[in-house]
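Since the structure of chain A is provided, determine the placement of chain B on it from the hints.
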Amino acid sequence: GAVVSQHPSRVICKSGTSVKIECRSLDFQATTMFWYRQFPKQSLMLMATSNEGSKATYEQGVEKDKFLINHASLTLSTLTVTSAHPEDSSFYICSAWGGGPAGGAYQETQYFGPGTRLLVL
Amino acid sequence: AQSVTQPDIHITVSEGASLELRCNYSYGATPYLFWYVQSPGQGLQLLLKYFSGDTLVQGIKGFEAEFKRSQSSFNLRKPSVHWSDAAEYFCAVGVNDYKLSFGAGTTVTVRA
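Line order of the protein sequences matches chains A and B. With the numbering used here, letter number 28 in the first sequence gets 52, and the count goes up by one each step, no holes. With the numbering used here, letter number 1 in the second sequence gets 7, and the count goes up by one each step, no holes.
Same shape as in the complex, but just chain A:
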């Protein structure tokens, strides 16, 4: 399957600081990437859709000023948690979308990164 990487895999930071998480698509160019948050023993919650070269689209209830998303290239999207607080501690997972019908073997499928564990003290 396609490879999507995330960095860092885990991060511990102090309350009030900002943390940047990178998501890279290694096997294909991803015009669309997604950012999810997962709480323990729960399913994934979509936070935002990241489109290359344009503003991200946030799901209802997600603060766009707190969770800054940048999709500067077809292989890289970043999520910055600004002024992090303990309640932002969570598992953040990104995915890259393999494109429409012309996407070949990766078409119409989201490929997920390994996740980033964020702990805010």
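Please keep in mind that the hints were generated in silico from the structure rather than gathered at the bench. Treat the hints with care, since some could be wrong.
Stated by the list, open to error - Dumping the calculated DSSO-like pairs for lysine-lysine here, alpha-carbon to alpha-carbon at most 30 Å:
{"hint": "1", "chain 1": "B", "residue 1": "K105", "chain 2": "A", "residue 2": "K65"}
{"hint": "2", "chain 1": "A", "residue 1": "K88", "chain 2": "A", "residue 2": "K65"}
{"hint": "3", "chain 1": "B", "residue 1": "K67", "chain 2": "B", "residue 2": "K55"}
{"hint": "4", "chain 1": "B", "residue 1": "K55", "chain 2": "A", "residue 2": "K90"}
{"hint": "5", "chain 1": "A", "residue 1": "K79", "chain 2": "A", "residue 2": "K38"}
{"hint": "6", "chain 1": "A", "residue 1": "K44", "chain 2": "A", "residue 2": "K88"}
{"hint": "7", "chain 1": "B", "residue 1": "K105", "chain 2": "A", "residue 2": "K88"}
{"hint": "8", "chain 1": "A", "residue 1": "K38", "chain 2": "A", "residue 2": "K90"}
{"hint": "9", "chain 1": "B", "residue 1": "K105", "chain 2": "B", "residue 2": "K74"}
{"hint": "10", "chain 1": "A", "residue 1": "K44", "chain 2": "B", "residue 2": "K105"}
{"hint": "11", "chain 1": "B", "residue 1": "K67", "chain 2": "B", "residue 2": "K105"}
{"hint": "12", "chain 1": "B", "residue 1": "K74", "chain 2": "B", "residue 2": "K55"}
{"hint": "13", "chain 1": "A", "residue 1": "K79", "chain 2": "A", "residue 2": "K44"}
{"hint": "14", "chain 1": "B", "residue 1": "K55", "chain 2": "B", "residue 2": "K105"}
{"hint": "15", "chain 1": "A", "residue 1": "K38", "chain 2": "A", "residue 2": "K88"}
{"hint": "16", "chain 1": "A", "residue 1": "K65", "chain 2": "B", "residue 2": "K74"}
{"hint": "17", "chain 1": "A", "residue 1": "K79", "chain 2": "B", "residue 2": "K74"}
{"hint": "18", "chain 1": "A", "residue 1": "K90", "chain 2": "A", "residue 2": "K65"}
{"hint": "19", "chain 1": "A", "residue 1": "K44", "chain 2": "A", "residue 2": "K90"}
{"hint": "20", "chain 1": "A", "residue 1": "K65", "chain 2": "A", "residue 2": "K44"}
{"hint": "21", "chain 1": "A", "residue 1": "K79", "chain 2": "B", "residue 2": "K67"}
{"hint": "22", "chain 1": "A", "residue 1": "K38", "chain 2": "A", "residue 2": "K65"}
{"hint": "23", "chain 1": "A", "residue 1": "K79", "chain 2": "A", "residue 2": "K90"}
{"hint": "24", "chain 1": "A", "residue 1": "K44", "chain 2": "B", "residue 2": "K67"}
Unchecked claim - With the C-beta cut set under 10 Å, the calculated list includes, among others, these residues of chain B facing chain A:
{"hint": "25", "residue": "K105"}
{"hint": "26", "residue": "T115"}
{"hint": "27", "residue": "V116"}
As the list claims (entries may be wrong) - Derived list of chain A stretches under chain B, where covered just means 3 residues or more per stretch with a C-beta under 8 Å from a C-beta of chain B:
{"hint": "28", "region": "68-74"}
{"hint": "29", "region": "95-104"}
For each residue, glycine too, the CB sits at the ideal point set by N, CA and C.
For chain B alone, coordinates are given in the frame of chain A:
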């Protein structure tokens, strides 16, 4: 709106036994259907997907799933489970704007 139901929160199965995980969906059009597996502390790995055609889909790690339109189901099966199959399994429906709607997940425990 689309929704995905995984009726079984937790399943325990003996190693070597068969496994079936249930998934029902609600979606107005023909859905794109996926099964993903998540090991503890890891991201999601795609097991298999269904877009169209043959309703029995083969995936990785010996898994298969069958799309039944009449039952709005996409159940995942494996004939003989291995201890390494212990994980969380998510069924998902793909919708028009490339998003996925996930089920709540089923935790699979494998006993020796």
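Now for the hints, and whether the structure bears them out:
Between K105(B) and K65(A) the alpha-carbon distance is near 22 Å, which keeps this suggested pair within the 30 Å criterion. For the proposed pair K88(A) and K65(A), the alpha carbon gap of about 25 Å is at most 30 Å, so the pair holds. In summary, the hint linking K67(B) to K55(B) is supported, as the alpha carbons are separated by about 14 Å, within the 30 Å threshold. At roughly 34 Å between alpha-carbon atoms, K55(B) and K90(A) are farther apart than 30 Å, so this suggested pair is violated.
At most 30 Å may separate the alpha-carbon atoms for a hinted pair to count; K79(A) and K38(A) meet this at roughly 28 Å. Between K44(A) and K88(A) the CA atoms are separated by roughly 14 Å; this keeps the pair inside 30 Å, and the hint holds. For the given pair, K105(B) sits about 19 Å from K88(A) by alpha-carbon distance, which is consistent with the 30 Å threshold. Our distance criterion of 30 Å between C-alpha atoms is met by K38(A) and K90(A), whose separation comes to about 16 Å.
Taking the CA atoms of K105(B) and K74(B), the gap is about 22 Å. The hint holds against a cut of 30 Å. Restraint check for K44(A) and K105(B): satisfied, since their Cα atoms lie roughly 23 Å apart, inside the 30 Å limit. Of the supplied pair hints, the one linking K67(B) and K105(B) holds, its CA atoms being roughly 25 Å apart against a limit of 30 Å. Pair hint K74(B) plus K55(B) holds up; C-alpha atoms about 14 Å apart against a cutoff of 30 Å.
The hinted pair formed by K79(A) and K44(A) meets the criterion: a straight-line CA distance of about 17 Å does not exceed 30 Å. A hinted pair counts as satisfied when its Cα atoms are at most 30 Å apart, and K55(B) with K105(B) qualifies at roughly 14 Å. Between K38(A) and K88(A), the direct Cα distance comes to roughly 21 Å. Compliance with the 30 Å bound is thereby established for this hinted pair. Using a Cα cut-off of 30 Å, the hinted pair K65(A) and K74(B) holds, with the two alpha carbons roughly 28 Å apart.
Of the pairs offered as hints, the one joining K79(A) and K74(B) is violated, with about 38 Å between alpha carbons and a cut-off of 30 Å exceeded. Pair hint K90(A) plus K65(A) holds up; C-alpha atoms about 24 Å apart against a cutoff of 30 Å. Only pairs whose Cα atoms come within 30 Å are accepted, and K44(A) paired with K90(A) is accepted, the gap being roughly 12 Å. With a CA separation close to 24 Å, the supplied pair K65(A) and K44(A) stays within the 30 Å bound.
Of the pairs offered as hints, the one joining K79(A) and K67(B) is violated, with about 38 Å between alpha carbons and a cut-off of 30 Å exceeded. Our distance criterion of 30 Å between C-alpha atoms is met by K38(A) and K65(A), whose separation comes to about 25 Å. Distance restraint check for K79(A) and K90(A): the Cα-Cα separation of roughly 14 Å lies within the 30 Å cut-off, and the hinted pair is therefore satisfied. Between K44(A) and K67(B) the CA atoms are separated by roughly 34 Å; this puts the pair beyond 30 Å, and the hint is violated.
Taking 10 Å as the C-beta contact cut-off toward chain A, the hint placing K105(B) at the interface holds, the least distance being around 7 Å. For the restraint placing T115(B) at the interface with chain A, the shortest Cβ-Cβ distance is roughly 14 Å, beyond the 10 Å limit, so the hint is violated. Using the Cβ-Cβ criterion of 10 Å, the hint placing V116(B) at the interface with chain A is not satisfied: the shortest such distance is roughly 18 Å. A stretch counts as covered by a chain when three or more of its residues have a beta carbon under 8 Å from one of that chain; for the region 68-74 of chain A and chain B the count is 3, and the coverage holds.
For the region 95-104 of chain A, the assignment as covered by chain B is violated, since 0 residues bring a beta-carbon within under 8 Å of that chain's beta-carbons and 3 are needed.
Against the hints set out earlier in the document, violations occur for numbers 4, 17, 21, 24, 26, 27 and 29.
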